[in-house]
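**Q** Sequence:
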Amino acid sequence: MLSFYSRISMLLVILLFTVNGKAITLLQISDLHTRKGHSADEENLRLFGSSVLPAIRPDRVIVTGDVVMGYETRFFSKSVQSQWDQYRTLWESQQTISRENWLDVPGNHDYTMSTSSDFIREQFAQKHEDNGVFSVIENDESRVCLLGLDTSYLPHMPYWLNLYGFLSSKTRRWVQQAVSTHDCSFSIAFGHIPLALLNTRSILRLFRRAGVFFYLSGHLHDSHGVFHVQYDSVYDLELPSLAYTGTYRLLVISGSWLAFADRSVRDTAHPFLLFLNPPLLESNPQHSPQEWAQHVRDSLTVHVALYALQAVEWQAFRLTLDGEPISALLLQGEMKEVMELEWIWDARSLPPAAHTLEVTVSYLQNGQTRDLHVLRVFDLSEACLGQSSEACFEVSSDASSNASFDTSSNTSSNASKRLSRTTTSTSPQHKKPQRVHVNTPAQRWTMTKLRWLEPLGALFATLALSLATLLLLKHPRSLLAIMPSSAGKRVQQLRSNPALFALFFTAALSLAGGTYFCGVHDHSFVCSLLWGTLTYSRDSGWNFFFWTEVAMWSLGTNLCVLLPMLTYCLLRLQPLRYRFGRLAEHGCLLLAVVYTFIQTVLIVGNFSPSLWLFSWNVFWLPPLLIAGSLLACGRKSGGEDHVV
1 MLSFYSRISM LLVILLFTVN GKAITLLQIS DLHTRKGHSA DEENLRLFGS SVLPAIRPDR
61 VIVTGDVVMG YETRFFSKSV QSQWDQYRTL WESQQTISRE NWLDVPGNHD YTMSTSSDFI
121 REQFAQKHED NGVFSVIEND ESRVCLLGLD TSYLPHMPYW LNLYGFLSSK TRRWVQQAVS
181 THDCSFSIAF GHIPLALLNT RSILRLFRRA GVFFYLSGHL HDSHGVFHVQ YDSVYDLELP
241 SLAYTGTYRL LVISGSWLAF ADRSVRDTAH PFLLFLNPPL LESNPQHSPQ EWAQHVRDSL
301 TVHVALYALQ AVEWQAFRLT LDGEPISALL LQGEMKEVME LEWIWDARSL PPAAHTLEVT
361 VSYLQNGQTR DLHVLRVFDL SEACLGQSSE ACFEVSSDAS SNASFDTSSN TSSNASKRLS
421 RTTTSTSPQH KKPQRVHVNT PAQRWTMTKL RWLEPLGALF ATLALSLATL LLLKHPRSLL
481 AIMPSSAGKR VQQLRSNPAL FALFFTAALS LAGGTYFCGV HDHSFVCSLL WGTLTYSRDS
541 GWNFFFWTEV AMWSLGTNLC VLLPMLTYCL LRLQPLRYRF GRLAEHGCLL LAVVYTFIQT
601 VLIVGNFSPS LWLFSWNVFW LPPLLIAGSL LACGRKSGGE DHVV
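According to UniProt numbering, the sequence shown is numbered sequentially starting from 1.
Accuracy of the hints is not assured; some may be wrong.
[Stated by the list, open to error] Per label pair, the in silico range of CB-to-CB distance:
#1 E92 x L630: 34 to 40 angstroms
#2 S327 x T181: 45 to 51 angstroms
#3 T181 x D322: 25 to 31 angstroms
#4 S608 x G457: 28 to 34 angstroms
#5 W452 x W542: 24 to 30 angstroms
#6 Q290 x D322: 30 to 36 angstroms
I should point out that these hints are in silico values taken from the structure, not numbers from a laboratory.
We put the beta carbon where it would ideally sit given N, CA and C, even for glycine.
Modelling step: build the complete structure from the supplied sequences, incorporating the hints.
**A** Structure follows, in C-alpha cells:
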C-alpha cells in the first residue's frame, strides 16, 4: 500500500514527466494464399480486413510472405492475376493504414518463372527496389527499425524448390548498413522462412552485430504446432497461416520491451488484454533477468493494453497486487474499444519473492455484463534472478490472451478456443500458475529435425546409396559375402559386362558428385551439386549455400531410378523361374519410367531452357539410364532374354 505522500509525489512525477506515450502497435499476418473458390480462406482474409484492422488501427502491418497460392495446377508454378488482385484489394482498400506502412515481403509461393521482378514490385505494397523492406517507427520512448528480408534460395524458382531458404551475402550487408545508419532502440527483422530453415549461424551472427532481437516468420503454417524458438539473443516467432487457421499476431512495443499475442480473426466477440509492464522476460531476449528486475522495480505504473474488436461499454477496471487492490488508475485518452491503462504502484518496496497481479475488466456487451480476468505472476527472488528465465519466471494460465500462453497450445485454433472460454467468463476459475518454458522439448526436437536431420539425412542417405552402388560394382567382395549365391552370380555377370558396368558406375558417381542444375536463371549463373550450390550475379556477387531440396531430389533419383534399373538388369541377367520375377522386372521399370516422366515434365514446365538444358543429373541422367539399361538388357529376336 502507498502512503499519502508517496501517492502525491508519484502522481506528480507521472503526470509531468513519465506518463507512457502511446505504445507502438504492429500486426503480423502470413501465408494468405489468396485464390478464388475457397470460401473459408477468403472469409479469414475478409475478417482481418473488415474487423481486426479497423479496430486495432496498427502503426504498421507486417506480411511475411506467401500472399498468393502461386499456381492453378499443383506443382506447376504460375502467376495467376486473380490471386494478386485479391491481395492488392486487401491493402489498397484499407482506410486506417497507408501503403508505406504496409510492409510485405515475398514467400516461396509468390515467385514463379512467369513473375518478373518488375511484376513483383507492382503487386506488393512495397516496391522492393533494394534488398528488402526498411522502416523506422518511433514514439517518445522507442525508435524501432523494421527490416523485411527475402529468404528465397533463388528468386523465381517454383515454390517446392524453396521450402528451405538462404539469406544472401548482399542482403546481409544491406541489413548491417541499414541498421548502422539509424539509431534504433532495437530492430525487428521479418521474412517468410523461419531461422531454422535458413543459414542460421551466419544470420544469428549478423543479428547480434546489428541489434536485431526479434525475427517474425511464417511458412510452416501450423504443421509443427506453436514454433517460437529462442536463439540466445534472438527470438524467432513463426506465425500460422491466416488462410488456413485465421491466425494473426498483435505486437505491442513499450519502451524497449515487447509483448505479443497470437489471435484468431474469428474470435472478435470478446475483449483481450496485454500486459506491457511488468513485461514478460521470456518474450524479451534482449534483456537479462537482472535488467528485467531493475526495470520492474524502477517502473511507476502497471501498464496494460486493452482491446475490443466489437462495440463494448466499459464498466469498471480493477487491479490487485497479491490480493491487495490498487486504485490509482490513469486512463490514457478516451474510453474507447482500444486503449491503454496504467495503475500507479510502488514496486521498489516489493519483497524478493513471487507476486501476482490480477486485472479485472467489467464491460457491457449486447445487454449483458461480463468480466475479463487476466493474471500476471512474476518472480523477483534472488534465486530466480541468478538462474535462467526458463526456470523461474511465471505467468498464469488464465491469461491466455498473452503471448506466453500461446506457447503452451498445440495449434492456434486450440488457443483461440481456450481464449474464448477464459476471457468471457463472468466468474473467474483461476488455475495454479504454470511455468513458461522457452524452447520446450517439442520445439527443440522440431528445430533439430528441420535444421539438421532432414537436410543431412537426405545428403548422407544419397551418399550412402551411391557409395553402396559403387562398392557393389568396383569392390563387391565385402557385399557378395552376405548375398545369396544367385544374387552374387548376377552381380558378377553385370560387372563382366563393360556397357552395364560403365552405365551404373557413372550414374552412381554422378549422383554423388555431378551437377544437378547448371545454367543461367534470372540473370544469375547457377551450378548446383549435391553438397552445395554456387551462384553468381553482378548485383550479389558469389554466394554458396546448401540446397536441401537438391539433396532430397538426389535421394529420389537414387531410390526411384538408379536402384530400380539396377535391380531390373540384375533380374534380366538370370530370369527367375517364378512369376514374381517377371512382375518385379516390370515393377522396377515402371517405377523408373513414371518417376522420370514426372520429373521431366516438372523441369520443363517450371524452368527455362537456359537452366535445364545443362542440368545433367535432373534432366539427362534418368532417361539415359533407363534407355541404356533397356538397350544393354535386350531380347533376342526369338524372344529369349539376353544381355548385349
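**Q** What hints, given by number in increasing order, does this structure fail?
**A** Hint check: 1, 3 and 6 fail, others pass.
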